[in-house]
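Quick note on numbering: the sequence shown equals residues 1 to 344 in full-length UniProt numbering.
It should be emphasised that the hints constitute simulated quantities derived from the structure, not laboratory data.
Incorrect hints may appear among the rest.
Unchecked claim - Below, a list of computed lysine-lysine pairs in the PhoX-like style, where the Cα atoms sit at most 20 Å apart: (1) 119 to 77; (2) 174 to 14; (3) 14 to 183; (4) 292 to 316.
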Amino acid sequence: MPDDQSAIPARDAKRLFAGLAGAPAILLAVSGGPDSVALMWLAARWRRALAQGPRLVAVTVDHGLRPEAAREARDVKRLARSLDLPHHTLRWTGPKPGTGVPAAARAARYRLLAQAARKHGATHILTAHTRDDQAETLLMRMLRGSGVAGLSAMARETERDGVLLTRPLLDVSKAQLIATLKKARIGFADDPTNRDRSFTRPRLRALMPMLAAEGGDTRNLARLAARIARANAALELLVDGAEHYLALKSEDNSGAGFDAALFAVMPEEIRVRLLKRAIDRVGHEGPAELGKVETLLAAMDEALVGTLGQRESKLKQTLAGAVISVAAGRIRIGPAPPRRARSR
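Sequences are here, hints too, so could you generate the full structure?
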């Protein structure tokens with residue numbers, strides 16, 4: 001890639017979308033800001049250079065949180081038409097939460113994008129997350145005490161609601177995208193919420209120049225996230241092997257539990273992941289929080305000390321819609337009964 005202050009040349013833009021030429025259709029998430037407008041312009045230029053390629057459909061989500069959003073969606077539509085791309089505006093309707101608005105808006109946005117992708121026969125949704133976004137995500141998760149998986153930050157490609165969510169610009173800086181748009185003389189919107197310090201991400205963004213002066217620039221932070229992602233992938237392979245080993249050594253084929261003694265001698269990180277994986281598989285209240293899984297493992301370890309010391313020690317707890325028990329040298333994890341509705 002070129003330096004952060006220069007436009008992205010066509011040869012590098014082509015590499016951004018490598019592997020996507022065989023898709024039947026691709027949905028482009030375009031808010032109107034510089035990152036997503038650059039994504040749309042680069043993707044359209046890439047598609048024009050192909051003899052045959054996927055249909056591109058641009059989509060803007062209006063969250064109904066800012067009066068300027070409708071005008072920005074219309075501006076995206078005009079630009080999309082100039083690039084010979086169809087455009088659709090999706091609206092997040094209904095009541096909005098009093099707190100946690102960014103997270104709720106993000107969930108609504110991805111839900112609407114997945115619905116639009118299925119409607120248009122798109123196998124991929126392209127978002128314009130940049131290297132800057134990756135660095136900020138890493139910092140946010142570090143401050144929240146995330147585990148190795150969380151510190152991997154954003155992957156280039158993940159599956160969501162049956163569609164592949166792809167981030168082709170993760171190695172590209174925001175400055176490069178703005179330089180690219182300026183060279184092409186393409187305008188873009190300025191969302192003031194990106195500077196609103198009542199939200200976490202803009203506060204961290206304001207700290208980035210000071211971090212960069214100490215060596216913590218976006219390039220180094222994104223490189224750290226990539227290295228953690230590499231370590232996380234290796235750990236997941238080890239967990240796969242440990243899970244298979246426990247299944248082979250199980251006393252029965254029910255898949256309902258595993259031998260406590262074999263589980264007890266495994267490294268703590270592997271045990272945490274095995275436990276979380278089993279709970280997420282059978283629970284019915286969403287993914288288990290890492291901190292709660294760690295607390296549960298500590299309680300299990302106390303019970304296992306008694307079990308392996310030949311004295312009867314039992315444990316039975318529920319977490320994330322799963323019931324976890326330790327008894328007679330076995331760990332069992334199964335679905336918990338539904339919670340009863342509280343009477344008023």
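### Earlier hints that do not hold, by number
none
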